[in-house]
Amino acid sequence: GAVVSQHPSWVICKSGTSVKIECRSLDFQATTMFWYRQFPKQSLMLMATSNEGSKATYEQGVEKDKFLINHASLTLSTLTVTSAHPEDSSFYICSAAVPITDTQYFGPGTRLTVL
Amino acid sequence: DAKTTQPPSMDCAEGRAANLPCNHSTISGNEYVYWYRQIHSQGPQYIIHGLKNNETNEMASLIITEDRKSSTLILPHATLRDTAVYYCASFNQFYFGTGTSLTVIP
Numbered sequence: 003g004a005v006v007s008q009h010p011s012w013v014i015c016k017s018g019t020s021v022k023i024e025c026r027s028l029d030f031q032a033t034t035m036f037w038y039r040q041f042p043k044q045s046l047m048l049m050a051t052s053n054e055g056s057k058a059t060y061e062q063g064v065e066k067d068k069f070l071i072n073h074a075s076l077t078l079s080t081l082t083v084t085s086a087h088p089e090d091s092s093f094y095i096c097s098a099a100v101p102i103t104d105t106q107y108f109g110p111g112t113r114l115t116v117l
Numbered sequence: 159d160a161k162t163t164q165p166p167s168m169d170c171a172e173g174r175a176a177n178l179p180c181n182h183s184t185i186s187g188n189e190y191v192y193w194y195r196q197i198h199s200q201g202p203q204y205i206i207h208g209l210k211n212n213e214t215n216e217m218a219s220l221i222i223t224e225d226r227k228s229s230t231l232i233l234p235h236a237t238l239r240d241t242a243v244y245y246c247a248s249f250n251q252f253y254f255g256t257g258t259s260l261t262v263i264p
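As you go down the protein sequences, you meet chains E and H in turn.
Heads up: the first sequence runs through residues 3 to 117, numbered per the numbering used here.
Heads up: the second sequence runs through residues 159 to 264, numbered per the numbering used here.
Watch out, some of these pointers could steer you wrong.
Chain E side only, calculated, beta carbon under 8 Å to chain H, not exhaustive [unchecked claim]: (1) Phe36; (2) Ser45; (3) Ile102; (4) Pro110; (5) Gly111; (6) Thr115.
Keep in mind the hints are simulated off the structure, nothing from the lab.
Idealized CB from N, CA, C, for every residue including glycine.
Construct the entire structure; sequences and hints are all you get.
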C-alpha cells in the first residue's frame with residue numbers, strides 16, 4: 003500500500019517552454035502533497051505544500067508564479083514549471099501524506115533537463 | 159523547527175548490523191522522528207518512525223533515547239541493496255538534512 007506515482011519520469015525541454023509534472027497517490031487519498039527539488043549530491047529541498055482544493059503554500063525563495071501547483075483532487079497534484087530555464091534542471095520529487103499517521107510516501111521523481 | 163545532524167558517511171560489512179545515528183537535540187515533545195532512505199536517482203523510501211518508544215518493523219529498528227535528543231536506526235543484517243543515503247527528519251518530516259551515505263561492503 004501507499005504507492006505514489008509521478009509522470010513523466012524524465013523530460014527534456016527547450017528553454018522558455020513549460021513543463022507539467024503529475025503526482026498521484028494510487029491507493030489512498032491525500033489531502034496534502036508536497037513538492038521537493040533535489041540538485042546533484044544535495045539533499046531534498048521542500049518547495050511547497052499542496053492542499054486539495056486550496057492554494058499551495060510555498061517555501062521562502064520559491065517563486066509561486068514560476069512553479070504553479072494545482073491539487074484538484076485527493077489523488078492528484080501537478081507542478082508546472084513555467085518558462086523553464088537551464089537553472090531549473092533538477093530532480094523533482096513529490097510526496098503524499100497518508101491520513102492519520104501523516105507519514106510521507108514519495109514518488110519516484112522526475113528528472114527535468116532544460117536545454 | 160527541529161534540526162537533525164547525521165554523520166556524512168558510514169561503511170558496513172554485508173551481513174552485519176548497520177547502526178546509523180541521528181542527533182535531534184531541539185526536537186519538541188510532540189514531534190516524531192522519521193527515517194527515510196534514498197537509493198541513487200530514486201525517490202526516498204519510508205523506513206520507520208517513532209515518538210518515544212523503540213519501534214521495529216520488517217525493514218529496521220528505531221531506538222530513541224529517553225531524552226529524545228538522538229536516535230539510532232538499526233538495519234540488523236545489512237545487504238548490498240541497503241547501500242543508500244539515509245535521512246532522519248523531524249518537524250513533520252519536511253526538512254531533510256544532508257543524510258548519511260551508507261555503503262555496504264561485500
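In ascending order, which of the hints set out earlier in this document are inconsistent with the structure?
-> 3, 6
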